[in-house]
Amino acid sequence: MGSGEGGYEKDLNLEATELRLGLPGTTSSAAAPDQEPEARQARNNKRSLVDRCEEEASKDASRALQKDHDSAPSSKAQIVGWPPIRSYRKNNLQTKKTEAETSSSGIYVKVSMDGAPYLRKIDLNVYKGYSDLLKALENMFKFTIGEYSEREGYKGSEFAPTYEDKDGDWMLVGDVPWEMFMTSCKRLRIMRGSEARGLGCAV
Amino acid sequence: MDPSKSRDSAESTRVIQFPNDVLERILSLIDSHRDRSAVSLVSKAWYNAERWTRRHVFIGNCYAVSPQIVARRFPSIRSVMLKGKPRFSDFNLVPPNWGADVHAWLAVFADQYPLLEELRLKRMTVTDESLKFLARKFQNFKALSLLSCDGFSTDGLEAIATDCRHLTELDIQENGIDDISGNWLSCFPENFTSLEVLNFASLSSDVNFDALERLVSQCKSLKILKVNKNITLEQLQRLLVRAPQLTELGTGSFLQELTAHQYEELERAFIGCKNLHALSGLWEATTQYLPVLYPACTNLTFLNLSYAALQSEELAKLVAHCPHLQRLWVLDTVEDVGLEAVASSCPLLEELRVFPADPYDQDINRGVNESGFLAVSLGCRKLHYVLYFCRKMTNAAVARIVQNCPGFTHFRLCIMKPGQPDSQTNEPMDEGFGAVVKTCTNLRRLGVSGLLTDLTFEYIGQYAKNLETLSVAFAGGSDRGMQCILDGCPKLRKLEIRDSPFGNGALLSGLEKYESMRSLWMSACKVTLHGCQMLATQRPRLNVEVMKDEEMDDGQSYKVYVYRTVAGPRTDAPAFVHR
Numbered sequence: 001m002g003s004g005e006g007g008y009e010k011d012l013n014l015e016a017t018e019l020r021l022g023l024p025g026t027t028s029s030a031a032a033p034d035q036e037p038e039a040r041q042a043r044n045n046k047r048s049l050v051d052r053c054e055e056e057a058s059k060d061a062s063r064a065l066q067k068d069h070d071s072a073p074s075s076k077a078q079i080v081g082w083p084p085i086r087s088y089r090k091n092n093l094q095t096k097k098t099e100a101e102t103s104s105s106g107i108y109v110k111v112s113m114d115g116a117p118y119l120r121k122i123d124l125n126v127y128k129g130y131s132d133l134l135k136a137l138e139n140m141f142k143f144t145i146g147e148y149s150e151r152e153g154y155k156g157s158e159f160a161p162t163y164e165d166k167d168g169d170w171m172l173v174g175d176v177p178w179e180m181f182m183t184s185c186k187r188l189r190i191m192r193g194s195e196a197r198g199l200g201c202a203v
Numbered sequence: 001m002d003p004s005k006s007r008d009s010a011e012s013t014r015v016i017q018f019p020n021d022v023l024e025r026i027l028s029l030i031d032s033h034r035d036r037s038a039v040s041l042v043s044k045a046w047y048n049a050e051r052w053t054r055r056h057v058f059i060g061n062c063y064a065v066s067p068q069i070v071a072r073r074f075p076s077i078r079s080v081m082l083k084g085k086p087r088f089s090d091f092n093l094v095p096p097n098w099g100a101d102v103h104a105w106l107a108v109f110a111d112q113y114p115l116l117e118e119l120r121l122k123r124m125t126v127t128d129e130s131l132k133f134l135a136r137k138f139q140n141f142k143a144l145s146l147l148s149c150d151g152f153s154t155d156g157l158e159a160i161a162t163d164c165r166h167l168t169e170l171d172i173q174e175n176g177i178d179d180i181s182g183n184w185l186s187c188f189p190e191n192f193t194s195l196e197v198l199n200f201a202s203l204s205s206d207v208n209f210d211a212l213e214r215l216v217s218q219c220k221s222l223k224i225l226k227v228n229k230n231i232t233l234e235q236l237q238r239l240l241v242r243a244p245q246l247t248e249l250g251t252g253s254f255l256q257e258l259t260a261h262q263y264e265e266l267e268r269a270f271i272g273c274k275n276l277h278a279l280s281g282l283w284e285a286t287t288q289y290l291p292v293l294y295p296a297c298t299n300l301t302f303l304n305l306s307y308a309a310l311q312s313e314e315l316a317k318l319v320a321h322c323p324h325l326q327r328l329w330v331l332d333t334v335e336d337v338g339l340e341a342v343a344s345s346c347p348l349l350e351e352l353r354v355f356p357a358d359p360y361d362q363d364i365n366r367g368v369n370e371s372g373f374l375a376v377s378l379g380c381r382k383l384h385y386v387l388y389f390c391r392k393m394t395n396a397a398v399a400r401i402v403q404n405c406p407g408f409t410h411f412r413l414c415i416m417k418p419g420q421p422d423s424q425t426n427e428p429m430d431e432g433f434g435a436v437v438k439t440c441t442n443l444r445r446l447g448v449s450g451l452l453t454d455l456t457f458e459y460i461g462q463y464a465k466n467l468e469t470l471s472v473a474f475a476g477g478s479d480r481g482m483q484c485i486l487d488g489c490p491k492l493r494k495l496e497i498r499d500s501p502f503g504n505g506a507l508l509s510g511l512e513k514y515e516s517m518r519s520l521w522m523s524a525c526k527v528t529l530h531g532c533q534m535l536a537t538q539r540p541r542l543n544v545e546v547m548k549d550e551e552m553d554d555g556q557s558y559k560v561y562v563y564r565t566v567a568g569p570r571t572d573a574p575a576f577v578h579r
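In the order they appear, the protein sequences are chains X and L. Take 1 as the starting number for the first sequence in the working numbering and just add one per residue. Take 1 as the starting number for the second sequence in the working numbering and just add one per residue.
Bear in mind the hints are in silico, worked out from the structure with no lab data behind them. All values reported here derive from a predicted model rather than from experimental measurement. No residue lacks a Cβ here, since even glycine has one placed at the ideal position from N, Cα and C. Among the hints, a few may not be true.
If you anchor each label on the Cβ, the simulated ranges turn out as follows [to be verified]: (1) X:Asp123 - L:His578: 52 to 60 angstroms; (2) L:Gly505 - X:Val126: 54 to 62 angstroms; (3) X:Glu150 - L:Thr193: 55 to 63 angstroms; (4) L:Gln362 - X:Gly129: 24 to 32 angstroms.
Over the 12 angstroms line for every Cβ pair with chain L, so calculated as not near, a few chain X residues [said to hold, decoys possible]: (5) Tyr118; (6) Arg120; (7) Tyr130; (8) Arg151.
This is chain X alone, in the form it adopts within the complex (with noise of 0.2 angstroms):
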């Protein structure tokens, strides 16, 4: 068995597409002596097998790349020239993406809590509402907001989501439309204890 399954393995080239930790050119036979050949080969065919698998089919996916026109490439692989769009549109497009995607347009904020050692930051355009933020920020500093009324704000709670906005005055989160907020918020501050009482009571 021994001599015909390294026959065969020969006749595969198995080594070649091996996966192994150790330099190029180093043999298998100079590892783990003491384990039973078959078990070795049982292990280095599987390996090797599914190696030659994903290079063949990787291999496929780029031959159906390029030549074969009737049916649809991978979709992974993006294609020369394809959609037909001019660079110069292509690169302003990805290049707004990016900047919306790591820069800030006002959408980064600082956010304190009464009593907290540090402040920690957020990116609001990373929640989809009000609700998506509050429970956010409930998370990230272990407390409950409570809900909000129009008329009490955010009643049965020690604390009060604010925000400074671009006229520098203290707001209560969730007044304005979720998009207006977005573009005015320049940093949140949780209230808590008396001040935080103060906010949306009737005057």
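Following the hints, complete the assembly by docking chain L onto the known chain X.
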């Protein structure tokens, strides 16, 4: 009298003999180059009168003719438009340094047309040397327009601004430019007043705003101003109050935190622009500031929002103020809902272009689809030009769209996933495009996409009798497809094909056709070197250029560019282009 003699004299008086100067006077009123071509074929006298009176020459392929031949025929040219590389070079399918360098033309022009005033180039290579040469040699130079060109930097623009004393137009659009600095704008002389058109929207370096403001104040005839992204809203306001006569405006970035006072001032500036009929730029436009545009939108005929990722409600609110809109370019972020709003607000719409905000996003539910296109076709009966990027489409929708708008002249549909079938029936898109060519008898330009068999091309060959330009990608089943096109479309001028299974048989079936066309492009098809050689041998008046397709690793794939020419094989072909 001898009957034959009287017949002869009757014949000769049928072609009225005008004195030359009268003929020239009449012909000088004709502008269209196609009309002029027709005129030149009437008789030798008319040919001569035409060539002496022609002031503007349009050359659709810079290699179809040589500058010497042009100068020999037309002695009095003042304005030239030149197009260079094949259109697929816009999508990186043509290797760099392929050619189309304008310099050889400028050298001849400097000699033959020293009074040249206008130069418009598309897809040409233009070096800084050439721009400096242009500025130096042509004392009367007035208008420079560069679209999709490459090879130059902002240094070249400095020479133009510095030396062209009578410049009226500087239009730099979407070029592969080396943007070193915005200093070129400061190179206009202090007392410069002649500018009528200034477009630097696609340049990314900062220009000196004071210099720009001064320029705008001094150039009282400025009609078209398109600034780049770096110009803020506040700066825009200052420019607008100095140029209320503008007819076309390209704004800078529309994202800035303005105070209430600044917002009002900007609003007032837009109210003051009573002559605006085209608007573009609007980078990063958001709900907050779009309303300042509303007063200026009443007379808008062209709105280019293709760099502003608007949502559907934002677009809906904006187009509600644009009842006279004829041309609209948007990103697909507006979605079908946004297009529905366009359909109800803009009944006079003639042209719609929808570009993908994220071309590589595979999510089939993003962007626009058949319902948006359908809605526009229902609401805008004058629609005749569409460029539409979508992720799915159905044959039924396309058929209904062209039923609603049978007047299509340009139908360019790009279903972004190659080989995508009808999303409802899973069939090829043959019947949809079949409906297009059957219904739209005035169709001049067609771009096809999706899963297509040879049947599509049979339909096109059979029905598209006015078709001039056809773009094909990832389509067709056999040589027969391409043959149908070449056999069937009498007015075909430009055919560009990529990644389709057409081989030598198809290529050679066009032997009789190519000299009546401007050009043929084929890449990643089944054409071999041998087929190209056969074509070249049998048609010596065609240039058959072959390039190895670097993207294919089989070593058998070629890119072929075939075009008619009276200038013979080109002398500037780089090593990778075989003839």
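Hints, one by one, checked against the model:
The beta-carbon spacing between X:Asp123 and L:His578, approximately 54 angstroms, falls within the hinted interval of 52 to 60 angstroms. A beta carbon spacing of about 57 angstroms between L:Gly505 and X:Val126 agrees with the range 54 to 62 angstroms that was offered as a hint. For the pair X:Glu150 and L:Thr193, the supplied restraint of 55 to 63 angstroms holds, since their beta-carbon distance comes to about 59 angstroms. Remark: the range hint 24 to 32 angstroms for L:Gln362 to X:Gly129 is upheld by a beta-carbon distance near 27 angstroms.
Against the 12 angstroms criterion, X:Tyr118 stays outside the reach of chain L, whose nearest CB is about 28 angstroms from its own CB. Remark: the non-interface label on X:Arg120 is consistent with the geometry, its nearest Cβ contact in chain L lying 24 angstroms away (cut-off 12 angstroms). No Cβ of chain L approaches the Cβ of X:Tyr130 within 12 angstroms, the least distance being about 18 angstroms, so the stated non-interface status holds. X:Arg151, annotated as away from the interface, keeps every beta carbon of chain L farther than 12 angstroms; the closest lies near 27 angstroms.
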